[in-house]
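Protein chains: 2
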Amino acid sequence: MLKSKCDSVSMNDETEQLNCWLDTMKSMICNKFSSTAPLLKVGNVPSPEELMEKLGGLNLDDNGSTPTEMVNMMKMILDYSPNTQHPLFLDKLYASTSPIGIMAELIIATLNTNAHVYNVSPVVTLMEKRCIDEMCKFVGFVDGGGFLNPGGSQSILTAMVTARNYLLKSIKHKGMVLSESKPLIVFTSAHGHYSIDKGAMVMGIGLDQVIKIKAPEGKMDPEELEEKIKKSLQDGHQPFFVNCTAGTTVLGAFDNINEISKICAKYGLWCHVDASWGGPVIFSKRYKHLINGLANVQSININPHKLLGVPIQCSVLLTYNKTILSENSLNAQYLFHGGEYDIGDFTLGCGRRADGIKLYLCWMYFGTNGFAAKVEHAFEIAQYMTMKVKNTVNLLMVQDPSFVNTCFWYLPSDILKNYTKEQIRDILNDNQNSDREHLFKRLEFYTSNIHKELQSNLTIMIDYAPIDRLPKFFRIPFVSFKVTNTHVDFIVNEIVKIGMKIEER
Amino acid sequence: MLKSKCDSVSMNDETEQLNCWLDTMKSMICNKFSSTAPLLKVGNVPSPEELMEKLGGLNLDDNGSTPTEMVNMMKMILDYSPNTQHPLFLDKLYASTSPIGIMAELIIATLNTNAHVYNVSPVVTLMEKRCIDEMCKFVGFVDGGGFLNPGGSQSILTAMVTARNYLLKSIKHKGMVLSESKPLIVFTSAHGHYSIDKGAMVMGIGLDQVIKIKAPEGKMDPEELEEKIKKSLQDGHQPFFVNCTAGTTVLGAFDNINEISKICAKYGLWCHVDASWGGPVIFSKRYKHLINGLANVQSININPHKLLGVPIQCSVLLTYNKTILSENSLNAQYLFHGGEYDIGDFTLGCGRRADGIKLYLCWMYFGTNGFAAKVEHAFEIAQYMTMKVKNTVNLLMVQDPSFVNTCFWYLPSDILKNYTKEQIRDILNDNQNSDREHLFKRLEFYTSNIHKELQSNLTIMIDYAPIDRLPKFFRIPFVSFKVTNTHVDFIVNEIVKIGMKIEER
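So the sequences go chain by chain: Y and B. What the first sequence shows, in this note's numbering, is residues 4 to 508, in sequence order. What the second sequence shows, in this note's numbering, is residues 4 to 508, in sequence order.
Hints may be right or wrong, so weigh each one.
It does not matter which identical chain is meant; a pair holds if it fits inside one copy or across any two.
[Unchecked claim] Dumping the calculated DSSO-like pairs for lysine-lysine here, alpha-carbon to alpha-carbon at most 27 Å: (1) 269 to 291; (2) 217 to 177; (3) 424 to 444; (4) 57 to 325; (5) 215 to 172; (6) 8 to 485; (7) 485 to 233; (8) 172 to 288.
No wet-lab data here; the hints were simulated from the structure.
This is chain Y alone, in the form it adopts within the complex (with noise of 0.2 Å):
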């Protein structure tokens, strides 16, 4: 056991022990955030048995720990968690942070106070109204508003809670019963995330009247969508919100904002743009075209700890109006006193972390070129990702990406031999092909197969995922600043290589 020098401060001086503990924290954690520490390599991600072992079946007792116990066990989170800040960590939507995130976090523990009304945190609600206001500018929200949640899901769930109280005013208080409310009906793609589903289910809307509109190559089908709002008025129904998506979660394709922004317009409907994923394009002059008609919408939700490695977590939802947020608003009086910067009355919580310091210092660090060049970076990867899939005889993407994310399968040899690359294609997406359960199973097998063996070395970390009815393939979004060409050519080989591998099994 690693024997601190703490355990000599006086338990009485809590600053000394500060003191004492970011001095003695601060070479390893540094050694995690470095890019060149290995992922956690010790065989596989023990299992929740074997962890539990080696963290001494983590121990509450009556009595507390020594800074000596302390440091050791802060040690052991560091080296048995997987290090998000390597290269080659590209299992999610997230990765690496920044020295600026880490300090940003740093300040708002110290500061450990709350984000609901102005007095107890004046610097905090001016650094994310700054940034709101800023984001709205990207937007096109002339009179725009927002806040800050503690991840997507509650930012969708706002905006769609927002949108109910704006449209149907007596659900707010009489309830949808009470208020003989038709069924409510939402609107988003197959492809979208499952956030929108958990939205209806919170607000009692209910899982069956979230419509999933087709979307082929991962875009929502407009024709579609209008064809199912008319017949849900023709049902007597109560279409009320629809959403785009902007980057899906496996994908990363685009919904045409444009064109759906107008069919909303049309029906009165509330058009909202999920874009925790792909709304950072918004920076880029290169890319922002992608999002294009957003400000046409009537919120967007942008999620900034995923591509623009502000830490987990900061999601930004912003409205066409700021003050369409007091519909939210139950003004409890014992906390708000009235003040116009008291942002915790229009959340559908009370209390919040400080997250705008880390919001307004990442961007004021980077810079909006900073965080375009995240942006580029990424798209630069996926293409040169995507060129090296093409030239490999064992790979095939699942379709040119139009964002960050690459999806691939592996081919085995057998598969090779008998078919084209185009021929599988079509068999997959050919439900009446007798071949296609054979292809499917064999590519299943495979995608499975290798991410096992990955998960034991770690060498690399992907993730993979199903779609429509296609068999599971690999997905790798390219978030990390830190990937390299290099790091692209040592993953497509190395899962070339462990595929060959157990071929020969």
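Fit chain B to the supplied structure of chain Y, relying on the hints for placement.
Same frame as chain Y, but now just chain B:
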């Protein structure tokens, strides 16, 4: 402008940057943390306009900023934010955290991972589960489960949704309207937190369907509760959820959980305990009797970020049965591959911060006895404060505290000349009394104006609140471990001094 040595670190060496910033900021952070640092005293909490000017307009440029500029901005955040570590920050139900709390946040920031699935957060997941299991033991849930949420409101909403999904199964899929649901009815005390209302609003139940049961001295009246349940059944409504409060926001009162849970059982209603504030008494042998009967309820939420000093945000939701949480599951296949350790599947969101780390580390460091000591210290100070108020001619307790909130008025001399303290309380409680309006206005005048004066000095930061039909009063929750009797003496003297000064105007 303070010149930072980090300017000379290569922009490309992020690890060295982190190292340099940790060094540079360490003394500033320790200084802010130090309990002897005065509150922000530069006149007042600056107005948004003044503060914006001090912060140089919070620029967000195309180009980024230098380390020196960043360090100066970080220093300003620390300088212009109230110091929640200060023993006289008594404005809200949270205050100082601890060195281990801050270190835990630093580790969470370094990992920058997400607590939705085990494979990206193995240690976090085990720590969260360990704390939940241990808290279930304290509560008496033999087969209980739960998880952490970003705040009490989210925990309460999750409890309400879980209850509805479990008791009224068809609503999850069909929604309230198509499942021809009766109007759902929620019960809480007149002193319950407004997050119950927000929950009912979000869920489409409607604010009018939250029945507020009268709460003499802050405690929900069980007889009225039962009457109102019967009444709602007679009306053809569907009562389903009763919220008990353990530690009300303003008075700190505890509902009679034993009695209320029996009524719930009789009518088949879900009994929830909002113990956001008072929950930590479970750790104190001396005070856990306040919350007797917990083992008979269906769910409980406790916020360790309040009285236990775990960094904000940290809210625990516990359910009597762990499998019941899968009522909220949607099984998103791109994310969840079937692991029972993938906690995110049970939440209303998707991603979550790795807050389990800080709850575990704080518990490990302080031990259960250390948590109990925090609770008991708060009680001691509140009792001392009560004694001081009672012994001070110009102050009047609203009622004797049953927890750690002390609520009191300043009484100006003209009032004291004409009435005894007993009489004042009687008059305020008597709507028919002709002196009531005059007394009411005088007391509100002093509360507001003393508060305004305190805000401009910021030697003490406290808040005021209204309740029922009483004039606004000061509410001091003794949440900080750092408050001593000497601080209490100072508070009492300061308030009386300011009150008298106002009288002389």
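Hint check results:
{"no.": "1", "hint": "269 to 291", "in the structure": "within (25 Å within a copy, 59 Å between copies)"}
{"no.": "2", "hint": "217 to 177", "in the structure": "between (35 Å within a copy, 21 Å between copies)"}
{"no.": "3", "hint": "424 to 444", "in the structure": "within (16 Å within a copy, 82 Å between copies)"}
{"no.": "4", "hint": "57 to 325", "in the structure": "between (51 Å within a copy, 25 Å between copies)"}
{"no.": "5", "hint": "215 to 172", "in the structure": "both (26 Å within a copy, 22 Å between copies)"}
{"no.": "6", "hint": "8 to 485", "in the structure": "between (35 Å within a copy, 25 Å between copies)"}
{"no.": "7", "hint": "485 to 233", "in the structure": "neither (48 Å within a copy, 63 Å between copies)"}
{"no.": "8", "hint": "172 to 288", "in the structure": "neither (39 Å within a copy, 49 Å between copies)"}
Checked against the numbered hints above, the structure violates hints 7, 8; every other hint is satisfied.
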